[in-house]
Amino acid sequence: METKKQFKWYTIFEYEKEQDYLRNMHRSGWKFVKVKGLGVYSFEKCVPQDVVYQLDYNKEGLSHKDEYLKMFDDCGWEYIQNYGGYSYFRKAVATDGAAEEIFCDEESRLEMMRRVLKGRMLPLLLIFFAALVPMFIINLSNHDYLNVVCIGSVLVLYTVVFVMCFVKFRRYKTRINK
Amino acid sequence: MDQHIKKVYVPMTETAFFILLCLRKPNHGYGIVQMVEKMTGGAIKLTPGTMYGSLSKMEKDKVIYLVREENKRKIYQITDLGLEVLDIEINRVERLYKIMREEMRNGN
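Note that the protein sequences, when read in sequence, are chains A and B.
Counting from 1, position 86 in the first sequence corresponds to residue 150 in the working numbering; the numbering is continuous, with no gaps.
Counting from 1, position 41 in the second sequence corresponds to residue 27 in the working numbering; the numbering is continuous, with no gaps.
Treat the hints loosely; a few may be bogus.
With the C-beta cut set under 7 Å, the calculated list includes, among others, these residues of chain B facing chain A [as the list claims (entries may be wrong)]: (1) P(-3); (2) N13; (3) G15; (4) Y16; (5) Q20; (6) L32; (7) T33; (8) P34; (9) G35; (10) T36; (11) Y38; (12) K58; (13) R59; (14) K60.
Far from chain A, some chain B residues (derived; all Cβ distances over 10 Å) [said to hold, decoys possible]: (15) Q(-11); (16) K(-7); (17) K11; (18) P12; (19) V19; (20) M21; (21) K43; (22) D66; (23) D73; (24) R78; (25) R81; (26) L82; (27) K84; (28) R87; (29) M90.
What the hints contain is simulated information worked out from the structure, not anything from laboratory work.
Nothing here was measured: the structure is a model prediction, and the numbers come from that model.
Backbone N, C-alpha and C fix where the C-beta goes; we use that ideal spot for every residue, glycine too.
One chain only, chain A, in its complex shape (with noise of 0.2 Å):
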């Protein structure tokens, strides 16, 4: 069997841009059989399809595995495997051509956001401020500055990251409010 390896990195919020990727794939002709690593994502040849992927941020859910991809089996979900918190699901396109989601309404799709928020971001921001700022500090006062530029561009590269992720779950939040 055919396979081949790509190498993709997306940030905390990119999951949509993740399934889209994963669809376009399948749709030519790459079957997804799994990710690991820091994003190597492996392939299978097959016949092109239109199948969507979701992907789902759940504890409590693969904290009871069985009955959590029981409920996704009933309705139809091909459960792939569970990466660094998210849980890959994939469904063919029905032949009237409607795309399904595994979520169904706006609240649903937040809290979900709201618990990748919890679950990643709180353990980011922990070291940002537990580890990384007063290393910045120590070197600076210490005139270290090889240090400093090193441990000042992931403080300027997280920064980056995390506005981006705010800005996107308020964006989203406002969307719903209206």
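Chain A is fixed; fit chain B onto it per the hints.
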């Protein structure tokens, strides 16, 4: 009724409404999905991500409770608090419906 329950369930989402309506009798998530599809003639298809999240949230809010587990499916039923908020919602929808009919009849 505490503030949180009031905020979330008065008024409530369509999903919560259907879940409470169906859970006047014990049922599991997928059973509710099927019931709602039948009730609405296929117009409303509840989805597993929404269902799973809603059911566990509603269980925490004590508007539904876990009756038992059967073949990996959790079977829930409405609580007295759930019946109370469902009743408020039904009255709200009825009021809206009456106002709408009245306004339409008056040709406004």
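Hints versus structure:
1. P(-3): 12 Å, violated
2. N13: 13 Å, violated
3. G15: 5 Å, holds
4. Y16: Hint holds; Y16 of chain B Cβ to chain A Cβ min 4 Å, cut 7 Å.
5. Q20: 9 Å, violated
6. L32: 6 Å, holds
7. T33: 4 Å, holds
8. P34: At 4 Å from the nearest chain A Cβ, P34 of chain B passes the 7 Å test, so the hint holds.
9. G35: Interface hint status for G35 of chain B: holds (3 Å vs cutoff 7 Å).
10. T36: 4 Å, holds
11. Y38: This interface hint holds because 5 Å falls under the 7 Å limit.
12. K58: 4 Å, holds
13. R59: R59 of chain B check passes; min Cβ-Cβ to chain A is 6 Å, inside 7 Å.
14. K60: At about 6 Å, which falls below the 7 Å cut-off, the nearest Cβ of chain A leaves the hint on K60 of chain B intact, so it holds.
15. Q(-11): Consistent with the label, Q(-11) of chain B stays out of reach of chain A, its closest Cβ about 18 Å off (over 10 Å).
16. K(-7): Given a closest Cβ separation of 12 Å, the condition holds.
17. K11: 18 Å, holds
18. P12: At roughly 15 Å from the nearest Cβ of chain A, P12 of chain B sits farther out than 10 Å, so the non-interface label holds.
19. V19: At roughly 6 Å from the nearest Cβ of chain A, V19 of chain B sits no farther out than 10 Å, so the non-interface label is violated.
20. M21: With a cut-off of 10 Å, M21 of chain B remains clear of chain A, as the shortest Cβ separation is near 13 Å.
21. K43: 7 Å, violated
22. D66: At roughly 24 Å from the nearest Cβ of chain A, D66 of chain B sits farther out than 10 Å, so the non-interface label holds.
23. D73: 21 Å, holds
24. R78: 17 Å, holds
25. R81: 23 Å, holds
26. L82: Consistent with the label, L82 of chain B stays out of reach of chain A, its closest Cβ about 19 Å off (over 10 Å).
27. K84: 26 Å, holds
28. R87: Label holds. Min Cβ-Cβ 27 Å, cutoff 10 Å.
29. M90: 26 Å, holds
Going through the hint list in order, the structure does not satisfy hints 1, 2, 5, 19, 21.
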